[in-house]
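Protein chains in written order, with numbering that gives the first Met the number 0: chain A, 0 to 687; chain B, 0 to 687.
Keep in mind that a hint or two might mislead.
One copy or any two copies: either way a pair holds, since identical chains are not told apart in the list.
Stated by the list, open to error - Dumping the calculated BS3-like pairs for lysine-lysine here, alpha-carbon to alpha-carbon at most 30 Å:
(1) 617 - 589
(2) 589 - 450
(3) 520 - 40
(4) 323 - 203
The hints are simulated quantities; they were obtained by calculation from the structure and are not laboratory data.
Note that the structure is predicted; figures quoted are calculated from it, not measured.
Number of protein chains: 2
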Amino acid sequence: MTSNIKILKPSDPQGSNLLSQERARTTFDVKKLTLALYGSKELERLNRILEIVENDPVFDKSKIYYMGRNELFEHALKKDKRLVQLIKKHRWDVEETHIAELFLDLPGPVRMFIPTIFGQGTEEQKKKFLIPAIKYEIIGCYAQTELGHGSNVQGLETTATYIPETDEFEIHSPHLTASKWWIGGLGRTANHAVIMAQLKSNGKDFGPHPFIIQIRDMETHQPLSGITIGDVGPKFGYNATDNGFMLFDHVRIPRSNMLSKYSQIKEGTGEYISPPNDKLSYGTMVFVRAMIVTGVRVALARAATIAIRYSAVRRQFVDKDEPKKLENGRIVETSILDYTMQQYRLFPVIAQAYACFYTSKAMVDSYLNYMKQSSGGDFSSLADLHASSSGLKSLATSMAVDSIEDCRRACGGHGYSSFSGFVTFYQNYLPNTTWEGDNYILTHQTARYVKVVSNKNPEAYSQSNTNPTITYILQFLNNPNQTCTATTPSDFKNHELQLRAFGHRAAYLIANAVDQIDNHKKSWNSMLIEVNRISRAHCQYILARNFITALQKSHQPNEDERLRVLHDNPDLMEVMNSVCNLFVLNTMEKELGEFLECGYITSSQSKLIRSQVYDLLKEIRPNAVSLVDAFYIPDFMLQSALGRYDGKVYETMFDWASKEPLNEITLDVNPNSEVLFRNNDYKGMARL
Amino acid sequence: MTSNIKILKPSDPQGSNLLSQERARTTFDVKKLTLALYGSKELERLNRILEIVENDPVFDKSKIYYMGRNELFEHALKKDKRLVQLIKKHRWDVEETHIAELFLDLPGPVRMFIPTIFGQGTEEQKKKFLIPAIKYEIIGCYAQTELGHGSNVQGLETTATYIPETDEFEIHSPHLTASKWWIGGLGRTANHAVIMAQLKSNGKDFGPHPFIIQIRDMETHQPLSGITIGDVGPKFGYNATDNGFMLFDHVRIPRSNMLSKYSQIKEGTGEYISPPNDKLSYGTMVFVRAMIVTGVRVALARAATIAIRYSAVRRQFVDKDEPKKLENGRIVETSILDYTMQQYRLFPVIAQAYACFYTSKAMVDSYLNYMKQSSGGDFSSLADLHASSSGLKSLATSMAVDSIEDCRRACGGHGYSSFSGFVTFYQNYLPNTTWEGDNYILTHQTARYVKVVSNKNPEAYSQSNTNPTITYILQFLNNPNQTCTATTPSDFKNHELQLRAFGHRAAYLIANAVDQIDNHKKSWNSMLIEVNRISRAHCQYILARNFITALQKSHQPNEDERLRVLHDNPDLMEVMNSVCNLFVLNTMEKELGEFLECGYITSSQSKLIRSQVYDLLKEIRPNAVSLVDAFYIPDFMLQSALGRYDGKVYETMFDWASKEPLNEITLDVNPNSEVLFRNNDYKGMARL
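Chain A extracted, bound-state conformation (with noise of 0.2 Å):
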């Protein structure tokens, strides 16, 4: 490069100065409102293990957007080796291990631990391949999905059948369709298996049940006879981790190799002996559920971070109604952030990245409330936890994945480059959407749910009614034709009010469905559609009712620290209002027509929801960039130009271009060459 280049600055203003004016707009206490979010403990947790790992060269993350596939899966292996290194010498426990995988943000081949033996498996089983797992004597993944099924586990074909003769089970696929399929860690890395097949005995079958199976030499490496096993190959994102495939040929493993904590088959006779009630296998589930919900507000607040920081620092045309000035007088372009289409773009991201904050802390409280419970032997809050987080896992993931993509179309054009950030974070994101229960496949069980809440004797509530889905679902029973009340723009700040808002218009839809199926016996796929927005209203009503009653002081003694940080300091009460006013009013907006259909609002009171969100824009403005400060993203888990805290953008931009390595491959410019076009190479051959 020309020696000009190196002193060479970005034109004033500079992103630093910008980022630091935005801060010193601020009307509350960011640090305060970070403690408020995660509490002391956790964010002495994340300050050391950042420390750590952010130190660690194997670590380092300069070269991984250059990547190519082999490279970053090698790159993947050494980190996964060097974590467990880490676990060892930290003594890390599972939370902490969480954290330091959320800051190193790339999804590798090795499974931490293998939770399906932990659940399953016989005190003998764990002791046989739990042990040896954790301490990574064994490299586990669990193969349940196949290359023709996917949301329905009861259609594996794969099947495991007992041959009493050697008490074994042959594990076999006898169709192509029976390979299972996109198995991560499976492709190269895992020598063993827990896998999901149906189950037969004595001719008959007993559906899908685990097995474990060593599926690779411990030695060699290689896969043991009857097995094949590779790489499904490229994908969207997750190149680093090797999901795989494998096929079984008639493969033998003995009878104890089938986790059998729950059901077994015994010896010799090949009877089957079946699983008590599977209430805990869904306690599982809610569990898992709340942990992606959990890592939903994380995706949201890293893209709402890049997002807004950069809008801060990129200044783009001069508003002719408010031009802005520097100190010398040069009116400059003015920052994209002060565009009101910008911030409607944008700060509902924001707004969206809290409400989860307090709905993965509701999940998470009422799980663990849950298993008090239900080792009481009390199921009652089961199936209210299990509609509600499907729904919630269903609607949190698809607003990630389109919010994620918006932050990165509202950066412009840098948004396209792997440099600002979003690109493997929203490749990686993307199959939020569709594990651990498919989106559209969830809803399902939210819709079921309430239709048979609904569909119970009102009076049979009316004594004991803590359950919120009870209570809107009597409140709308009630009064079917009840109408919003406000007046003012302002009357939509009240929450009552808007709490009540959501919730007639969930038992609106409620309604309609019960009467569709009962009384005009529509079947149920025909309904699929209202189901779909059964669910999302009934979760919207959740994200909106628990960031509500987080900013309601409990007053009592025991109160969590985060809340009572939050309740005591009122400049975070005030912002934490908006932002809340915000989220549910701007939800209100987008799903306008149903709030509209359903008799609920109407058609100018809906004109005051809008003013009151430009209102709440205006509100948001000066706190904008400490608001996601708050969120506590570090570059390092960023690795985003666009979004640096220090606001270096263009500088990081260059930077990072100057080392693609596109730039040091030599091309083939002799004339003869077959990739390269020369002079004279075609003369006279084209026409316009």
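With chain A fixed as given, assemble chain B onto it according to the hints.
Showing chain B alone in chain A's frame:
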């Protein structure tokens, strides 16, 4: 791989049979519909060029999904070079070349010609640069965007200062943000560039002007002295293109290198000759946007083809109300295309694709019509044309990106695999929302225009009123309280009624904005959210109108062949009518909030719309596969295991996965390997 794999088949029913059954159900002549879309001349060209490119070994796509960036880039150079040879050999014109590029579907580094020189160069300059460029004796790129400037061309920082002493321009980059950025083909390929730079002469600024510069040595291919060039690095997609950056350190070029067809600097005196009005350049923009909308129609057709065919082949769950049986009576899972939710996700995309077919046709027709008028000095239709094409580019490309992703997700887990044909397709399509005018900025053009129109005195139009925008605005102004007359679901199939609804909603939004700005002195910035709504409403009206118009017999003797075929075949008219109604009513459903807010339809009418949409899904179901077959998109272009014409989905997924190079690399399995986990490697290290 073990031997039994080769003989494995997918479980019954086979995909090929399922697709043949779908095709047997069709109610119309697929070949005729294809003819009605493309016309015989275009069809002949498509077939002729496909025949050539799909049989050329240089264009083999079988390894593309496995290529890393450098490999892909060199492959693209070979592809471009081969394409140029074929253009020469077959004497392809611009349109034929475009068809070949469409099928090859690999945006590479080489631009096929340099329209800027063609449009803005003098005859001399064309002789000197255009002819060699067309002959590929020189490879050019177009350098406008800078690191710090995208949408706002006026704000570019690169300077071109006239030096009278030597009769030269000095090209210079004063700041880092002045670095040219995102320039296609610049990174490693081009040896010449047209750059936009701020023209300065005699201490005066004359704004951005185009200059042509040699940037690399014709023999060594090294950047010339004072010029710094590089590739901008990895991106979301387009990784076969070397988008580059470029900085100038006081580089001198002769005065004759300023493209001077319109404006120029006089020798010695440095006097500036300003250009005539730029109406002609607007014409070019209109054409480019018409081409982008044509691209939208292809992108939507391609996405729908993959998702619909795979949904017919993929079976998941058994629909309890209507279980599917094989000949042998065995109950099999239901094809997901039979689930109403899947139909609701996918059929509207088919409808959008057909809608864009007719709007792109209308845009091209009116552009040609305008060119005829303007050559006679009549520019009267330009304003409307430019406003509509701006908003349509914005609306259509945003719709396309969203629909491609919806289709991908509707393919479940396999949609995430590159083998789905969605991944690079989506990644390469994305920039359409940003380039040629950011999709949000463009809506300003449209809204400004319709505001001007509605500000004019209605009487001024009452005479010659052929302009559709004026028509609906007048209809509204004459009767702002008009409401919808529909009382049954099928009333909403009335095209008159549909257009009145779309016109009323658009005019209502416009009238509100005009009132806010003119009577309440609202700033333009405070209206940007409405601006965006107005543009969308206006352009959705146009899309609906063009589709509906295409279905109306013109009774002109010289009627376009494509329309004649459509109108002469009742079976085609019937299915296209269903598709048109689905497009119109599904759009109304999505925008329900605005149709209710403007008071044109009531809450109970919105229920009629929904129920009519469900009826349309039923109407279209038997024709779904044939409606995408009619798009006539060859497997060679789809490169999709899921969307193959023959339905061999699972065989192809497996075959392509088995070719993944990651399956070939040898992992270091020695005990001290950095990458591989080994027995006893971590004895007793981890804890639960």
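| query | Out of the numbered hints, which ones does the structure contradict? | reply | 3
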